[in-house]
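Generate the whole structure from the sequences, applying the supplied hints.
Residue numbers (our numbering), protein chains in the order written: chain A, 394 to 592; chain B, 394 to 592.
Please note that the accuracy of each hint is not assured.
Chain copies aren't distinguished; within one or between two, either way the pair holds.
To be verified - In silico DSS-like links for lysine-lysine, alpha-carbon gap of 27 Å or less:
(1) LYS533 <-> LYS480
(2) LYS567 <-> LYS533
(3) LYS447 <-> LYS567
(4) LYS449 <-> LYS567
(5) LYS587 <-> LYS533
(6) LYS449 <-> LYS591
Honestly, the hints are just simulated from the structure, not real lab data. Since this is a predicted model, take the numbers as computed values, not measurements.
2 protein chains.
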Amino acid sequence: MPRALSPAQVEDFRERLCAAAEHLFAEHGPEAVTMRQLAAELGVSPMTPYRYFKDKDDILAAVRAAGFGRFAQAMEAAFHGEPDPVKRSEAVGRAYARFALEQPDAYRLMFDLSQPNEADYPELVAASSRARDMLIGQAKGMVDAGQIEGDPVLIAHMLWAALHGGLVLQLAGKLGPSIDPSALRRNTFQAILKGLAKG
Amino acid sequence: MPRALSPAQVEDFRERLCAAAEHLFAEHGPEAVTMRQLAAELGVSPMTPYRYFKDKDDILAAVRAAGFGRFAQAMEAAFHGEPDPVKRSEAVGRAYARFALEQPDAYRLMFDLSQPNEADYPELVAASSRARDMLIGQAKGMVDAGQIEGDPVLIAHMLWAALHGGLVLQLAGKLGPSIDPSALRRNTFQAILKGLAKG
DNA sequence: CACCTATATTTTACGTCGTAAACTTATATC
DNA sequence: GATATAAGTTTACGACGTAAAATATAGGTG
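Following this line, the structure appears as structure tokens:
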């Protein structure tokens with residue numbers, strides 16, 4: 394075939410494979426999806442994906458990084474769509490929860506414990522940091538607006554931990570039967586802000 | 394061999410296999426551990442474990458249930474070791490965090506998303522509920538003591554979500570480099586309690 | 001004691017997996 | 001048009017989970 398593949402063609406193949414992988418990973422879990430299935434999905438032979446990805450873990454890392462990209466994007470959109478710093482924090486929080494609940498499998502993949510060592514995939518580390526920086530910037534805005542006091546980085550992590558914790562317990566089916574997950578999130582968010590209020 | 398295996402012998406084999414499985418799952422992740430390895434660890438042939446467990450998922454469920462058992466036990470010990478309701482809440486919280494950090498692999502296994510459907514394993518559901526009820530009882534104590542107000546079930550879940558969220562982010566390596574995980578837990582806990590304080 | 005039967009355990013076997021290596025195919029250059 | 005080179009396929013290997021068949025061992029019975 395041609396002497397070389399254009400970078401655009403390479404990127405195209407990678408993206409098509411990631412799209413297929415995301416669907417299948419979501420439906421059956423990454424372990425249950427085989428390289429042979431992924432290849433068949435693109436209509437190529439089982440070994441062809443190995444030209445574009447090192448191995449299966451490499452595909453998983455790419456899918457996770459893409460998830461973090463969309464995740465950060467969703468929160469950034471909420472951030473820029475709301476000028477008031479207080480409403481803004483709620484908007485970003487809602488965007489966070491909406492992403493986790495509308496794309497639970499992506500969220501699962503992104504934050505699942507016991508994934509292959511993510512330090513081996515710089516692209517994944519970068520995408521993940523982008524999402525975290527988004528949350529920190531958001532907390533900075535709240536502190537600057539004078540509503541609450543404290544270290545914005547710490548505050549961002551407090552709100553993040555509370556939000557994330559509620560969401561993963563919900564996704565793992567661990568919440569008690571009488572608990573309304575969205576009320577849980579709202580109450581926790583408000584309690585923390587009240588606890589951090591100035592004075 | 395004998396006409397039948399005594400229940401005690403069956404239980405003994407199951408426990409020995411779970412102990413070996415817990416170690417190996419912890420070190421390499423459940424997917425990386427093979428039935429052949431587990432059998433070899435007990436010095437039996439690869440098919441022998443199938444007499445005592447339905448399949449590999451059944452072993453995983455048993456290991457997870459055992460983890461929840463020890464988890465609830467650790468918190469119950471902290472609870473009964475401290476009569477004052479306020480200090481008690483901190484003691485239980487510390488016991489929770491200590492368990493997660495000292496037995497991170499057990500904790501990972503217990504709360505990991507994308508595990509096989511846990512509803513298929515009643516023993517696992519029961520063990521998991523026991524841990525949750527422990528946390529709810531603890532919150533009830535705080536409300537009854539008059540320090541805070543609100544629905545104890547909701548409050549238990551708020552504190553649980555915040556604690557769990559901070560711990561899984563820590564275990565997943567997602568916390569920012571400047572964050573002290575234990576300070577994060579303390580601050581979040583206190584902010585929520587302050588936010589829920591009466592008046 | 002010898003023998004039979006029921007069951008604990010092992011052996012064998014099958015289909016599937018991830019992927020290494022060899023092979024095939026098709027152009028871009030000379 | 002021959003050739004080098006890279007894209008894609010085929011073949012092959014060792015390991016996996018586990019079903020089925022084979023084996024071995026302990027009673028109960030004559």
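Consistency of the hints with the structure:
1. Taking the closest pair of Cα atoms, LYS533 and LYS480 come within 27 Å of each other only inside a single copy of the chain (14 Å); across copies the shortest separation is 33 Å, beyond that limit.
2. Taking the closest pair of Cα atoms, LYS567 and LYS533 come within 27 Å of each other only across two copies (19 Å); inside a single copy the shortest separation is 32 Å, beyond that limit.
3. Within a single copy, LYS447 and LYS567 get their C-alpha atoms only as close as 36 Å, which misses the 27 Å cut-off; across copies the closest is 25 Å, which meets it.
4. For the homomeric pair LYS449 and LYS567, the shortest alpha-carbon distance between copies (23 Å) is at most 27 Å, but the shortest distance inside one copy (30 Å) is not.
5. In the homo-oligomer, the alpha carbons of LYS587 and LYS533 lie at most 27 Å apart both inside one protomer (17 Å) and across protomers (21 Å), since each shortest distance falls under that limit.
6. For the homomeric pair LYS449 and LYS591, neither the shortest alpha-carbon distance inside one copy (50 Å) nor that between copies (54 Å) is at most 27 Å.
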